[in-house]
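Protein chains: 2
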Amino acid sequence: MTERTRIRRLPEKSVEDVGVLHAILDAARVAHVGLVDGGTPVVVPVGCARDGDRLLLHGSTGSRLFRGLADGAEVCVTVTLLDGMVLARSAFESSMHYRCAMLFGTATEVPREEKAAALRAMSEAWLPGRWDTLRPPTAKELAATTVLALPLAEWSVKVSDGPPEDPPEDLDAPVWAGVLPIVTAYGDAVPAPDLRGDPKPWTPRFS
Amino acid sequence: MTERTRIRRLPEKSVEDVGVLHAILDAARVAHVGLVDGGTPVVVPVGCARDGDRLLLHGSTGSRLFRGLADGAEVCVTVTLLDGMVLARSAFESSMHYRCAMLFGTATEVPREEKAAALRAMSEAWLPGRWDTLRPPTAKELAATTVLALPLAEWSVKVSDGPPEDPPEDLDAPVWAGVLPIVTAYGDAVPAPDLRGDPKPWTPRFS
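Residue numbers (the UniProt record's numbering), protein chains in the order written: chain Y, 1 to 207; chain G, 1 to 207.
If you are wondering where the hints come from, they were derived from the structure by calculation, not from laboratory data. Some hints could be false.
Claimed, not checked - Below, computed lysine to aspartate or glutamate pairings styled on DMTMM-like, alpha-carbon distance capped at 25 Å:
(1) Y:140 / Y:114
(2) Y:115 / G:170
(3) G:115 / Y:170
(4) Y:115 / Y:26
(5) G:200 / Y:169
(6) G:200 / Y:166
(7) Y:140 / G:169
(8) Y:140 / G:93
(9) G:115 / Y:169
(10) Y:200 / Y:124
(11) G:115 / Y:93
(12) G:13 / Y:141
(13) Y:13 / G:194
(14) G:140 / Y:93
(15) G:140 / Y:12
(16) Y:115 / G:93
(17) Y:200 / G:83
(18) G:13 / Y:194
(19) G:115 / Y:166
(20) G:200 / Y:161
(21) Y:115 / Y:53
(22) Y:200 / G:166
(23) Y:115 / G:165
(24) G:200 / Y:170
(25) G:200 / G:124
(26) G:13 / Y:37
(27) Y:140 / G:165
(28) G:140 / G:109
(29) Y:13 / G:37
The shape of chain Y in the complex, shown without the other chains (with noise of 0.2 Å):
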């Protein structure tokens, strides 16, 4: 832990297990990153995938921020889970259920001999069993194609849970409390206009 990824507020939310850590970013296909450029704050959303101890991050050649980025600029990465909202018999103890993992650290290019490899990796997590079905991608968009990966190094997970926490001066009080969970899935596919190809929707479980 450094002085950074200590968690003031709230500690009792903080986890240090690592198993948790990776089932955030397991479940995440978004990450906010934020880095300095120019002295102002920038947050840019960014395709993500964890591939062992590192989290993949998925850009275009063709990206300011992402040169920067690839420049060894420091970042801070958060990836933020919204499962539910808490409601307490009072406005102030309502809440929300989340899961939050944020990394401190500088990404590094990932070579182009391992560029495949890990635009495979990032197709697996997100569509698993997608890429085999797809050509390979040419030299041409794997220059065009920039991946960087973010060690697992140094990190702080926030987990909040659990029935809503009201003071017992509260309980008689004459409303409905819990927790209303927010589930994520995929809708009905959606057929490309010009599909010549399957015409049976391709749909993985959503994870």
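Given chain Y, put chain G in place with the hints provided.
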């Protein structure tokens, strides 16, 4: 538009309609707030709700980051909604549907006499109708809560939607192509173990 809100990457996805900005913020409950803390970027998830032409951010007076924000630190607040996975005929053209709003500026603390109204606005945004069923906040609760307001002044919006855009030579690939929408909703309500009030789950429409 300022230099930092000009969208350089995929500018065709840039949207300047303030109605789209409002819709994105209205669909969000959590924003990722980036600031510079001792030279380091930090990105934290913060409960948010739009109130007219400002974004309200909810925090604790005990939070060091929130005190920094209230003291006038420059922030970048990003809200991202992930709407779907775009399955093209190649990995390279595959992508995601998203709506992303990025706000820059300096937040100010909502003054004491307006705090209850601001908290009510946030509650109404998240759980419409709930506030009036609860007891009013106490003076002590109000004092323990900070609400910050960021004007919707310097912002950019980027929207990715539409079908996969494969080059003609890929259209005959034997795979399904299209969009898998990602939908978010409330799951089954979980009553508090010590529920004594209304036994009927209070479930508003998810918005």
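Checked hints:
| no. | hint | verdict |
| --- | --- | --- |
| 1 | Y:140 / Y:114 | 15 Å, holds |
| 2 | Y:115 / G:170 | 22 Å, holds |
| 3 | G:115 / Y:170 | 22 Å, holds |
| 4 | Y:115 / Y:26 | 20 Å, holds |
| 5 | G:200 / Y:169 | 21 Å, holds |
| 6 | G:200 / Y:166 | 19 Å, holds |
| 7 | Y:140 / G:169 | 15 Å, holds |
| 8 | Y:140 / G:93 | 13 Å, holds |
| 9 | G:115 / Y:169 | 24 Å, holds |
| 10 | Y:200 / Y:124 | 20 Å, holds |
| 11 | G:115 / Y:93 | 16 Å, holds |
| 12 | G:13 / Y:141 | 21 Å, holds |
| 13 | Y:13 / G:194 | 22 Å, holds |
| 14 | G:140 / Y:93 | 13 Å, holds |
| 15 | G:140 / Y:12 | 22 Å, holds |
| 16 | Y:115 / G:93 | 16 Å, holds |
| 17 | Y:200 / G:83 | 21 Å, holds |
| 18 | G:13 / Y:194 | 22 Å, holds |
| 19 | G:115 / Y:166 | 21 Å, holds |
| 20 | G:200 / Y:161 | 22 Å, holds |
| 21 | Y:115 / Y:53 | 17 Å, holds |
| 22 | Y:200 / G:166 | 19 Å, holds |
| 23 | Y:115 / G:165 | 23 Å, holds |
| 24 | G:200 / Y:170 | 18 Å, holds |
| 25 | G:200 / G:124 | 20 Å, holds |
| 26 | G:13 / Y:37 | 22 Å, holds |
| 27 | Y:140 / G:165 | 17 Å, holds |
| 28 | G:140 / G:109 | 17 Å, holds |
| 29 | Y:13 / G:37 | 22 Å, holds |
In summary, the structure agrees with every hint in the numbered list given earlier.
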